[in-house]
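Chemist: For reference, the chains in residue letters:
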Amino acid sequence: MNTRSLFLAGISFCLTVATTGCARKTAQAAAPAPAFGAAIVESSGGKQIGSTGAALPQPLVVQVNDEQGNAVTGAAVSLHGPAGVSFDPASGVTDSSGQLTTNVTLGEMAGRYQIVASTTTKAQKRVDLKVEEIALDYQRRFGQLLDDKYCSRCHNPESTPERVSNFDNLEVKPHAFTEGETLNKMSDADLMAIISHGGPALNKSPIMPPYGYTLTKTEMQALIAYIRTISDPPYQAPGMVYAEK
Amino acid sequence: MQSSNPSPPSLWTKLFGDPLRAFGVVSVVLLVLLAIAPAKNFFSEWRHYQKGYLRMIRTRGDAVTLQRHFQGGIQQIWHPDLGVVDRCTSCHVGLKEASLTDVSIQPYRKHPVIPHNMEQYGCVMCHRGQGAATTVEEAHSSTLAWEQPILPARYIESGCGQCHRASMASTPQLNQGRALLARYGCVQCHTIKLPDGGVMQATQDAPSLSHIADKTTREWIFAWLKDPQAYAVSATMPNFKLKDEDIRDISAFLIANSKPVPGDSAPPIASKASDPAAGASLYGESFCASCHAVQNAAGNLVGGNVGPELTRVGTKAKPEWLRAWIRNPRTYDPGTQMPHYRFADQQVATMEGFLLGKADSDFLANVHLDAATPEQIAQGKSLVMEYGCASCHEIAGIKKPENFAPELSRIGSKPVSQLIFLPGMQHTPPDYIAGKIRQPRAFSPGLKMPQYAFTPAQIDMLTTALLAQNDRAQTMPPALSVPAPPASHYRPAGKAGQIMADLACFSCHAINGRGGDMAPDLTWEGSSVQRKWLEDFFRNPGTLRPALIRRMPKFNLTNEEISALSDYIMTVYQTPDFERDSLPDSGYSPTQFEQGRQLFYSKYACQSCHIVDAKADKGYIGPTLTGVGSRLTGAWIYHWLKNPQALRPGTIEPNRNMSDDEAKSLTAFLMTQKGAARKEAKK
Chain A
1 MNTRSLFLAG ISFCLTVATT GCARKTAQAA APAPAFGAAI VESSGGKQIG
51 STGAALPQPL VVQVNDEQGN AVTGAAVSLH GPAGVSFDPA SGVTDSSGQL
101 TTNVTLGEMA GRYQIVASTT TKAQKRVDLK VEEIALDYQR RFGQLLDDKY
151 CSRCHNPEST PERVSNFDNL EVKPHAFTEG ETLNKMSDAD LMAIISHGGP
201 ALNKSPIMPP YGYTLTKTEM QALIAYIRTI SDPPYQAPGM VYAEK
Chain B
246 MQSSNPSPPS LWTKLFGDPL RAFGVVSVVL LVLLAIAPAK NFFSEWRHYQ
296 KGYLRMIRTR GDAVTLQRHF QGGIQQIWHP DLGVVDRCTS CHVGLKEASL
346 TDVSIQPYRK HPVIPHNMEQ YGCVMCHRGQ GAATTVEEAH SSTLAWEQPI
396 LPARYIESGC GQCHRASMAS TPQLNQGRAL LARYGCVQCH TIKLPDGGVM
446 QATQDAPSLS HIADKTTREW IFAWLKDPQA YAVSATMPNF KLKDEDIRDI
496 SAFLIANSKP VPGDSAPPIA SKASDPAAGA SLYGESFCAS CHAVQNAAGN
546 LVGGNVGPEL TRVGTKAKPE WLRAWIRNPR TYDPGTQMPH YRFADQQVAT
596 MEGFLLGKAD SDFLANVHLD AATPEQIAQG KSLVMEYGCA SCHEIAGIKK
646 PENFAPELSR IGSKPVSQLI FLPGMQHTPP DYIAGKIRQP RAFSPGLKMP
696 QYAFTPAQID MLTTALLAQN DRAQTMPPAL SVPAPPASHY RPAGKAGQIM
746 ADLACFSCHA INGRGGDMAP DLTWEGSSVQ RKWLEDFFRN PGTLRPALIR
796 RMPKFNLTNE EISALSDYIM TVYQTPDFER DSLPDSGYSP TQFEQGRQLF
846 YSKYACQSCH IVDAKADKGY IGPTLTGVGS RLTGAWIYHW LKNPQALRPG
896 TIEPNRNMSD DEAKSLTAFL MTQKGAARKE AKK
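Same order as they appear, the protein sequences are chains A and B.
What the first sequence shows, in the numbering used here, is residues 1 to 245, in sequence order.
What the second sequence shows, in the numbering used here, is residues 246 to 928, in sequence order.
These aren't lab readings, by the way, just hints derived from the structure by calculation.
Accuracy of the hints is not assured; some may be wrong.
Said to hold, decoys possible - The following residues of chain A were derived to be distant from chain B, with all beta-carbon distances above 10 Å:
1) PHE36
2) VAL41
3) LYS47
4) ALA76
5) HIS80
6) VAL116
7) LEU129
8) HIS175
9) THR178
10) GLY180
11) GLU181
12) ALA193
13) PRO209
14) GLY212
To be verified - Covered, in the sense of this in silico footprint (three residues per stretch, anywhere, with C-beta under 8 Å from a C-beta of chain A), are these stretches of chain B:
15) 352-365
16) 394-401
17) 844-854
18) 862-873
19) 900-909
Just so we're clear, the structure is a prediction, and the values are computed from it rather than from any experiment.
Quick reminder that beta carbons are idealized off the backbone N, C-alpha and C, glycines included.
Let's have the full structure, built from the sequences with the hints guiding it.
Modeler: Here it is as structure tokens:
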């Protein structure tokens, strides 16, 4: 009897310790009062060009601010995207600098993906940040390579350490491929004509040389598919924008 | 009484009591069973998806066309020679419909444009999965019986690699993955056999350790082995995660085993105290940064990756060795990719001072080693053999181990049941391969594979390249395989050949298929340039492209050497397609010149990319043409204008499809541009 009561006492003691321990733990975890921001902004990682089904080269970093524009620590942020998009992590609380960093993997269809990062305000109102990312499939990645080799030296006004842009040296300025205002008005046939026969094919400057004897038709089609995908505002072939369902 | 009260009839008697009733019951059961088969077929998944497709296209503008293309029932692509039986198109009905670009729901999406006809090869060839299955689960996931899951889209280029051994412009991930396998020494330990019978070869030989004591100290070896990336962030050497006492023993062995090379250490050069900026400017003028990187204050690497990173070289190299190395690197390492610069003594001293200044005292601060004991040296030797150091490094007295690590020729199709996964890992071949590369020691602490510092993108590249090493690739019909061009072992002959080896021309230039891609291909240089220009260029290499960072360094060649090199290049490196002197260097008519000028500035707008008139023209994509008439031959310019890619495949100058007359006029205009050369001559 004596041993049994001792045993029981031991068990109850253990249980008490365990439960108090647990209680203390939960109390500790809940200790920092949930913080709320008033706005959510993009810190970096938007408008990236990645590959279908693969993680974007840079993570997406969003920041939660209060009414005064100061960073808020500990605010809950959740991320959503169209089907096929995944986040690592998909939700979390902002760190000491008010930021949440997440790795975004895009879906398996080429095009634009709208990603929504949201947080709730003190009044339990949801505020959203919409970020666009672009996924390139096999054909468009090939187009991107061709752009990098043949086109971007003139069509991209930005210089990089590896390559100085020739944009400023040209009498007639070429259109950047992101210039949707202009390029979206041109049909695929127009683009094909100007790439293969040069500027004069559309009564434009001969500074744009013909590439019809240098590139194959498949290559030029890949280039056009790529140009259409990165254009801003988006090219209006139906369904190129995938909004969250 | 009890016996006359019969028990109620059992279920058995009720159903099968008399023959007629039994027959009826059996017939009903049989009917039900017979009905299951058509019902199972009727409710099958693929039928459900085909109905869904028909519902979807009904509302579209081109419904009639789509309807006509649609074929019901199980569809199959069958290629017995390729081992392909694909029923994927039973559910993926819209793969070939060009108008379905906006459909994002599976299984109705259109297939993205690829260079092959899908029906010619089937689906599983690239995507894997079980082609013969007709349910979603069995086709895409691995089951007990069928264990080939669908390949995630980011590794899709591995499909190309099953047939294509050569690097292709459209498969950058596969190309880079294969380059990493060759560069990071993977293939030194793991044999990777290719379907054509060859073996994947390493491209970067790790330095020999047979004379290491001449070059550096035991303390440096210790710190380096502890964490190579702490010395150089771009270090190729992986971290073997060795214990301190093991590193102590290995460093003791390497120093004790090292034999001095005569002449690889030089006494200090009595030099005038040079100003501190001279070193930096000599480093810049010699274009060391074309091959070597240095970490700048912001932590970014600036420079090439042909040679080792030099951020902390002053901590590593012994001054007397560095001096001798700068003077002539071939004394210490006859096969090095570094050119023999032929520096004057003063330049050697300046460069030595500059490089020794790139030191980091913290790197060796905590390394204190006692003198090595014979036991430690013996233990070090056995550790060097255990870890397979000689797989990559030449070490005197230790043979390169054979079959040191598992062969990877078919790793991409290794059955999942034969793989060991970590908890929480997805059980698929790509996840296994990527996991092994990411953290090899996590699979078992006793494994010898070291920890590499690959980025996630690099791991994806390597995984793609390894997935292409599979059963299918090894058994592909030979007619389908596209082999890589055979490796060239071209060596130029005679005195010129010796000079070219000494200057390591092939580190940057390619000739006859051998060499680097940093500088122009020189295979037909003799047809291209004029001898006078070539000699001047050797004497004082200027630049043809103002916007280019990497340039040819000055090698302080003697007149005799210049003349030997020029003779060889002008005689041997000629194209068989045209005669070098078929067009004159000068004497073109003013009419032709004027026509050429018009074509240059108006019709072809060459000034957008090239400069002829240094005051008016601004384009600097192509080389400056101010002195092109004294640099190139007329015949080269003419044939280049006719078809640039024929003379240099892959050049970005577009082929303009010029008529012969136009090309002749432009040649006349360009050959008259002698300006720069005259100015140089005056100077």
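Chemist: Next, verify each hint and record whether it holds.
Modeler: Checked hints:
no., hint, verdict
1, PHE36, "holds (34 Å)"
2, VAL41, "holds (25 Å)"
3, LYS47, "holds (19 Å)"
4, ALA76, "holds (25 Å)"
5, HIS80, "holds (16 Å)"
6, VAL116, "holds (17 Å)"
7, LEU129, "holds (23 Å)"
8, HIS175, "holds (15 Å)"
9, THR178, "holds (20 Å)"
10, GLY180, "holds (17 Å)"
11, GLU181, "holds (22 Å)"
12, ALA193, "holds (15 Å)"
13, PRO209, "violated (5 Å)"
14, GLY212, "violated (8 Å)"
15, 352-365, "holds (count 5)"
16, 394-401, "holds (count 4)"
17, 844-854, "holds (count 6)"
18, 862-873, "holds (count 4)"
19, 900-909, "holds (count 3)"
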